[in-house]
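There are 2 protein chains.
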Amino acid sequence: MKIAVAGLGLIGGSFALALKKRTSHTVLGLDADPETVRAAISFGAVDEIISPDRLDRAELSLIALPPRAALTFLQEQAPRFAEGSLVADLCGVKEKIVAAGEAALHPRTAFLGCHPMAGKEKGGFANASADLFEGASLILTPTPNTPPKAVKVLTDLAAEVGFGRVALSSPAEHDRIIAFTSQLCHAVSGAYVQSPMADLAAGFTGGSYEDFTRVAEMDPALWSQLFAENRENLLAELAGLRERLAELEGHLRRGEEEALRALLKSWSDRKKELLRAGKTEA
Amino acid sequence: MKIAVAGLGLIGGSFALALKKRTSHTVLGLDADPETVRAAISFGAVDEIISPDRLDRAELSLIALPPRAALTFLQEQAPRFAEGSLVADLCGVKEKIVAAGEAALHPRTAFLGCHPMAGKEKGGFANASADLFEGASLILTPTPNTPPKAVKVLTDLAAEVGFGRVALSSPAEHDRIIAFTSQLCHAVSGAYVQSPMADLAAGFTGGSYEDFTRVAEMDPALWSQLFAENRENLLAELAGLRERLAELEGHLRRGEEEALRALLKSWSDRKKELLRAGKTEA
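So the protein sequences, as listed, match chains A and B. Each residue of the first sequence is one higher than the one before, counting from 677 in the numbering used here. Each residue of the second sequence is one higher than the one before, counting from 677 in the numbering used here.
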């Protein structure tokens with residue numbers, strides 16, 4: 677299959693490297709940055725660099741750009757994708773881009789939203805790796821307009837490039853869940869390390885502190901866009917977390933130790949139940 | 677050296693197992709639970725089980741009980757520790773117990789607060805391991821009353837049982853830092869998984885979600901006690917985190933994307949600076 681990868685940063689670059697390392701598909705790369713293009717060629721991430729007017733050569737086009745750039749790219753390049761081909765984006769928010777993709781493309785060009793659940797604190801092709809997706813989940817967000825074949829193509833490709841599983845949801849459900857499983861983690865981790873105590877933490881930490889602060893380093897341009905594009909869902913999660921912590925604070929402040937213990941028991945029991953039900957892994 | 681270990685749960689049991697596996701010290705074990713005693717003997721964690729009236733045989737006594745039980749034990753057994761011996765507790769909060777230990781013991785019996793920065797979601801001897809402390813930090817909280825020799829004895833022992841480093845602080849500073857590096861993690865992790873979205877998270881998670889929710893399972897009796905005993909410090913950290921998240925929420929709610937981006941940049945920059953300065957490891 678001829679696969680175009682538009683955007684050769686951390687995600688697109690890793691996809692391209694994985695395709696070249698693990699499959700026999702042909703990779704046509706696009707990137708606006710000449711440095712990135714040079715690096716992608718020299719590391720063998722692409723068979724060929726193409727300009728957008730040759731997107732018609734691709735049977736599958738993967739858009740690996742930040743959400744707004746992806747939207748613009750889709751709308752500007754819509755007439756160039758081949759009829760009968762499949763276009764997929766790899767953004768971290770889905771509802772808006774899937775609607776825009778479906779609206780912009782020719783009716784005989786399929787669109788499918790994808791979200792690879794893998795990343796790194798540092799972006800760019802320099803941090804891309806053929807193994808980034810090893811064992812990770814690829815979320816696909818088909819709609820009633822998505823041809824079943826599109827889901828099959830991406831499911832097969834996911835296995836080829838090393839993903840451990842594929843998860844399906846609607847674009848709206850994706851955005852609700854991801855606000856909780858990814859965006860809230862990044863927001864809290866960033867806020868966490870701002871405590872003045874962080875300067876004194878060395879030697880006073882076990883595994884939990886390292887776990888909590890790992891993703892506090894993030895690309896502000898990308899993450900502010902992801903947060904803003906998923907505002908309502910993230911606000912709901914932030915409010916929920918705030919309310920639950922306020923309950924704990926209340927018991928602590930009022931010295932209600934029995935209630936505090938009951939609260940921690942109910943929290944801990946829910947974690948155990950999630951583990952038991954296979955709804956969480958760690 | 678003859679070392680008494682009072683309380684053979686996760687921490688005391690692991691200490692005893694590590695002493696037996698890695699050193700030639702003699703381990704005298706104490707535990708109120710007959711099951712635990714049987715297990716400790718059969719797994720070779722102790723050379724001998726003693727009753728509290730034989731604590732006078734120990735050159736070093738390690739109190740590995742939850743904070744309040746440790747306090748009671750120290751006060752009740754104070755007359756039994758040998759003059760010239762060293763008593764150390766292994767609790768996760770230090771200010772109150774160090775003051776009580778110093779007040780209760782004979783002036784010629786030294787007291788030193790210790791806090792091993794290692795643990796597991798599940799407690800008890802059944803989860804104890806000779807390798808629990810491998811590479812971890814042991815915090816020592818000497819006061820002006822602590823003989824320097826006591827710090828040396830515990831520093832040497834820490835290396836023998838596998839700790840990777842020793843950190844020193846006053847008991848009060850320990851409690852301030854630990855509210856941030858350990859207790860706040862557990863509080864937030866517990867609150868985190870209460871979102872209704874956690875039921876839908878499987879397949880929608882990358883590493884950050886697993887990291888955030890790992891310690892949500894905790895012993896409610898132990899952690900409610902640790903939180904309550906360190907109330908003021910934990911309340912201060914909870915308030916700080918709440919205020920920082922409220923700032924992010926405000927920008928999001930009002931659609932101030934530039935301010936949101938600047939906030940995330942300052943948060944991310946602080947994490948980078950902490951890493952650069954060697955103040956955090958991950």
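Think of the hints as simulated: they come from the structure by calculation, not from any bench. Some hints here could point you the wrong way.
Identical chains blur together in the list; that is why a pair holds if it fits in one copy or across any two.
Derived lysine-lysine pairs resembling DSSO-like cross-links, with alpha carbons at most 27 Å apart [to be verified]:
id, residue 1, residue 2
1, K941, K796
2, K772, K825
3, K828, K798
4, K948, K798
Hint-by-hint comparison with the structure:
In this assembly of identical chains, K941 and K796 lie within 27 Å of each other by CA distance solely across copies; the values are 16 Å between and 34 Å within a copy. Taking identical chains as interchangeable, the C-alpha atoms of K772 and K825 lie at most 27 Å apart only when both belong to the same chain, with a minimum of 22 Å there against 66 Å between chains. In the homo-oligomer, the alpha carbons of K828 and K798 never lie at most 27 Å apart, since the shortest distance is 31 Å inside one protomer and 42 Å across protomers. In the homo-oligomer, the alpha carbons of K948 and K798 lie at most 27 Å apart only across protomers (11 Å), although the nearest pairing inside one protomer, at 33 Å, exceeds that limit.
Of the numbered hints given earlier, the model fails hint 3 alone.
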